[in-house]
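Number of protein chains: 2
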Amino acid sequence: MTNPTAAMLVIGDEILSGRTRDANMHYLAGELTKIGIDLKEVRVVSDDRDAIVDAVRALSGAYDHLFTSGGIGPTHDDITADCVAAAFDVPIDVRDDARAILQAHYDKAGTDLNAARLRMARIPEGAMLIENPISAAPGFSMGNTHVMAGVPAIFQAMVASVLPGLTGGAPLLSQTIRINRSEGDIAGPLGALAQQFPDLSIGSYPFQKDGIYGANIVIRGTDGAQVDAAMTQLAGLFPE
Amino acid sequence: MTNPTAAMLVIGDEILSGRTRDANMHYLAGELTKIGIDLKEVRVVSDDRDAIVDAVRALSGAYDHLFTSGGIGPTHDDITADCVAAAFDVPIDVRDDARAILQAHYDKAGTDLNAARLRMARIPEGAMLIENPISAAPGFSMGNTHVMAGVPAIFQAMVASVLPGLTGGAPLLSQTIRINRSEGDIAGPLGALAQQFPDLSIGSYPFQKDGIYGANIVIRGTDGAQVDAAMTQLAGLFPE
Numbered sequence: 150m151t152n153p154t155a156a157m158l159v160i161g162d163e164i165l166s167g168r169t170r171d172a173n174m175h176y177l178a179g180e181l182t183k184i185g186i187d188l189k190e191v192r193v194v195s196d197d198r199d200a201i202v203d204a205v206r207a208l209s210g211a212y213d214h215l216f217t218s219g220g221i222g223p224t225h226d227d228i229t230a231d232c233v234a235a236a237f238d239v240p241i242d243v244r245d246d247a248r249a250i251l252q253a254h255y256d257k258a259g260t261d262l263n264a265a266r267l268r269m270a271r272i273p274e275g276a277m278l279i280e281n282p283i284s285a286a287p288g289f290s291m292g293n294t295h296v297m298a299g300v301p302a303i304f305q306a307m308v309a310s311v312l313p314g315l316t317g318g319a320p321l322l323s324q325t326i327r328i329n330r331s332e333g334d335i336a337g338p339l340g341a342l343a344q345q346f347p348d349l350s351i352g353s354y355p356f357q358k359d360g361i362y363g364a365n366i367v368i369r370g371t372d373g374a375q376v377d378a379a380m381t382q383l384a385g386l387f388p389e
Numbered sequence: 150m151t152n153p154t155a156a157m158l159v160i161g162d163e164i165l166s167g168r169t170r171d172a173n174m175h176y177l178a179g180e181l182t183k184i185g186i187d188l189k190e191v192r193v194v195s196d197d198r199d200a201i202v203d204a205v206r207a208l209s210g211a212y213d214h215l216f217t218s219g220g221i222g223p224t225h226d227d228i229t230a231d232c233v234a235a236a237f238d239v240p241i242d243v244r245d246d247a248r249a250i251l252q253a254h255y256d257k258a259g260t261d262l263n264a265a266r267l268r269m270a271r272i273p274e275g276a277m278l279i280e281n282p283i284s285a286a287p288g289f290s291m292g293n294t295h296v297m298a299g300v301p302a303i304f305q306a307m308v309a310s311v312l313p314g315l316t317g318g319a320p321l322l323s324q325t326i327r328i329n330r331s332e333g334d335i336a337g338p339l340g341a342l343a344q345q346f347p348d349l350s351i352g353s354y355p356f357q358k359d360g361i362y363g364a365n366i367v368i369r370g371t372d373g374a375q376v377d378a379a380m381t382q383l384a385g386l387f388p389e
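First to last, the sequence lines map onto chains E and C.
So the first sequence is numbered by this note's numbering: it starts at 150 and just counts up by one.
So the second sequence is numbered by this note's numbering: it starts at 150 and just counts up by one.
Honestly, the hints are just simulated from the structure, not real lab data.
Where hints are given, some of them may not hold.
[Said to hold, decoys possible] Calculated cross-link-like contacts (lysine-lysine; reagent style DSS-like; alpha-carbon spacing at most 25 angstroms):
(1) C:K189 <-> E:K257
(2) C:K257 <-> E:K358
(3) C:K189 <-> E:K189
Sequences and hints are given; from them, build the entire structure.
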């Protein structure tokens, strides 16, 4: 049985211009790995309607889940919700349940729910709201597409709301060994090991530190006994 | 006149599993912005032949330049060069110029140029080598696609070799103002400003710090006078 698959779509000019360093990809990747959903692809696109609609269609069609980050705030460049509605070909408007959440939040703060803030209650028809415990404005799940905020603290809280509801697979187990030999010396035996264990993913991550060349070899798989066997064999090939 | 466009393809299971945090995207984005090449899209895919070939074809076809990072080392999971050759439909083999570079490097170090290391001299027919001042094994430019190492120090050195040879556009100028009002209060006037200056990109990046809600507003464009005019007008709308 293979694990469910996922893609991520990061939306925002600020990442592509180099102004902001994305933090959400790394976070989501780690959380999905824990519950056995395989993140297969990430795309980063700008705040451009066609680019977002095309990417949502392609990725939600190709994978079991799509997670998006960014573009759901109150300003003119926040167009993700409208683009997701367009990609799924459903209408979008201010929805009563989302408006009620915002109204309660801003009433409590003594702040006006003005037209800009009300944009955050625009939810595609048929979508399920995702709770935002930090700043109230909800995300939503439309079909297999989970639409979340770009601000890392809010993104992480929304991921925590969404993931428990998804069916995971076998969690990916991994073991790492550090070998103080240059990657060119490790590569031959490592390739043979990879052929011997076709169900495992064996990665080599070279480093150079204080004049020592070496590599961290990571063996990943869902069958713990196989991971153990491969690691034991590898350690025997390169004794300290 | 519009600026040249670019895409980036990050190759590596270790990013998608959450083991490693990608650093090359942020670096490349900043360097391209400086020379007026617009980074339009980034994709991250795993060490999978079909995924890499499809992404190289799609991105090299859609943008003026494609930059790739990762998968050009000596181990079995380093398949980027072969995938780029397949995407461009050209043969690939060990090339004499690349072999000579490796031979000289390993002779000097007293290390054997074994079969695994020799894989790093596999270069698609017609490609131009990219210098690697750190560990010798070259990258290459095949058509509009620039293939570079994933190790950040080597990636950055290769970017420094490639970019001076490319034709840039008008560098993107940007000004930032911090407004200590919540984004929902800023959004209305900001939208009107964006409509008044259609050639500028106006982004809003909210923050919350020590109980204060605010946003950094970034105005970007290639016409400095327009950026100045929009910033002056914005500052007047929200005096301290």
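What hints, given by number in increasing order, does this structure fail? Hint 1 is the one this structure does not satisfy, whereas the remaining hints hold.
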